[in-house]
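Undergrad: Sequence:
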Amino acid sequence: MMQTGSVTTPFGRRPMTLALVRRQTALADIKQGKTADKWKVFRDASAAMELLGIQSNSLAVLDALLSFHPETELRQEAQLIVFPSNAQLALRAHGMAGATLRRHIAMLVESGLIVRKDSANGKRYARKDGAGQIERAFGFDLSPLLARSEELAMMAQQVMADRAAFRMAKESLTICRRDVRKLITAAMEEGAEG
157 MMQTGSVTTP FGRRPMTLAL VRRQTALADI KQGKTADKWK VFRDASAAME LLGIQSNSLA
217 VLDALLSFHP ETELRQEAQL IVFPSNAQLA LRAHGMAGAT LRRHIAMLVE SGLIVRKDSA
277 NGKRYARKDG AGQIERAFGF DLSPLLARSE ELAMMAQQVM ADRAAFRMAK ESLTICRRDV
337 RKLITAAMEE GAEG
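Numbering (my numbering), first residue to last: 157 to 350.
One or more of the hints may lead you astray.
Capping the alpha-carbon separation at 20 Å, the derived lysine to aspartate or glutamate pairs in DMTMM-like fashion look like this [unchecked claim]:
1) 187 <-> 307
2) 187 <-> 229
3) 190 <-> 345
Quick list of simulated restraints, FRET-style, between CB atoms [said to hold, decoys possible]:
4) 307 <-> 287: 47 to 53 Å
5) 335 <-> 196: 28 to 34 Å
6) 241 <-> 322: 41 to 47 Å
No lab work stands behind these hints, which were simulated from the structure alone. All residues carry an ideal CB built from backbone N, CA and C; glycine is no exception.
Could you put together the complete structure from these sequences and hints?
TA: What follows is the structure, encoded as C-alpha cells:
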C-alpha cells in the first residue's frame, strides 16, 4: 500500500534513511488533541537514556531545545518546531562546543527523540503570516517527544523497576554475606567441627 504525505530530506551531506522516513510518517499519527508536559517527557527520557542510547550531553541539548519551546505543554495542534541558532543552542546547553553540540543533535535524531526539518539552504527560521503567526518553520521538530510520551514513560518505569530490583538483590546479598561471615566466626570461636 502506498502512503501519501510529505517527508523532509536532510540538508547537505547527511544521508536519508528509511528509519527517518518511518519516524516522520509516524508523526502524522499523533492522536488528535494529544498533550504532554514537556518537562515530564524530558524526565522520562532522562531516566531511559541508556535504553535510548543517548548520553548526558544529549540530554543537555534536549533540555536546551525544550527551553526554546515557549509553552510547558507539547500539544498536537501546536507549533512544535524550534529554530535556535547553534550559538544560542550551545549557550543554553551550558557552553557546549560546536562539534559536540552537532554530535549530540545527531544522537537525538538517531534515537528518534527529535526530527530535523531542514530548509532549502539548511538554515533554521520561521516564516510568519500577515498576522504575525508562524506559517512555516524550519529547525528541530519536537513532536516525536509528544508521539512517544507514553513509550518514554513506560521505559522510565522499567528502568526504575530494574534499579529497585537490583537494589533489593544487592541488599539481600549483603545481608547473606554478613550472616555467613558471622556464623563462620562464631563456629571458629566455639571450636565447632568442620
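Undergrad: If a hint holds in the structure, say so; if it does not, say that too.
TA: Now for the hints, and whether the structure bears them out:
As the CA atoms of residue 187 and residue 307 are separated by approximately 14 Å, the hinted pair is consistent with the 20 Å bound. Our distance criterion of 20 Å between C-alpha atoms is met by residue 187 and residue 229, whose separation comes to about 15 Å. Distance check on the hinted pair: residue 190 and residue 345 sit about 69 Å apart at the alpha-carbon level, beyond 20 Å; violated. Range check, residue 307 to residue 287: Cβ separation about 36 Å, and the 47 to 53 Å hint is violated.
For residue 335 paired with residue 196, a C-beta distance near 42 Å fails the hint of 28 to 34 Å. Evaluation of the 41 to 47 Å hint for residue 241 and residue 322 yields a pass: the beta carbon distance comes to about 42 Å.
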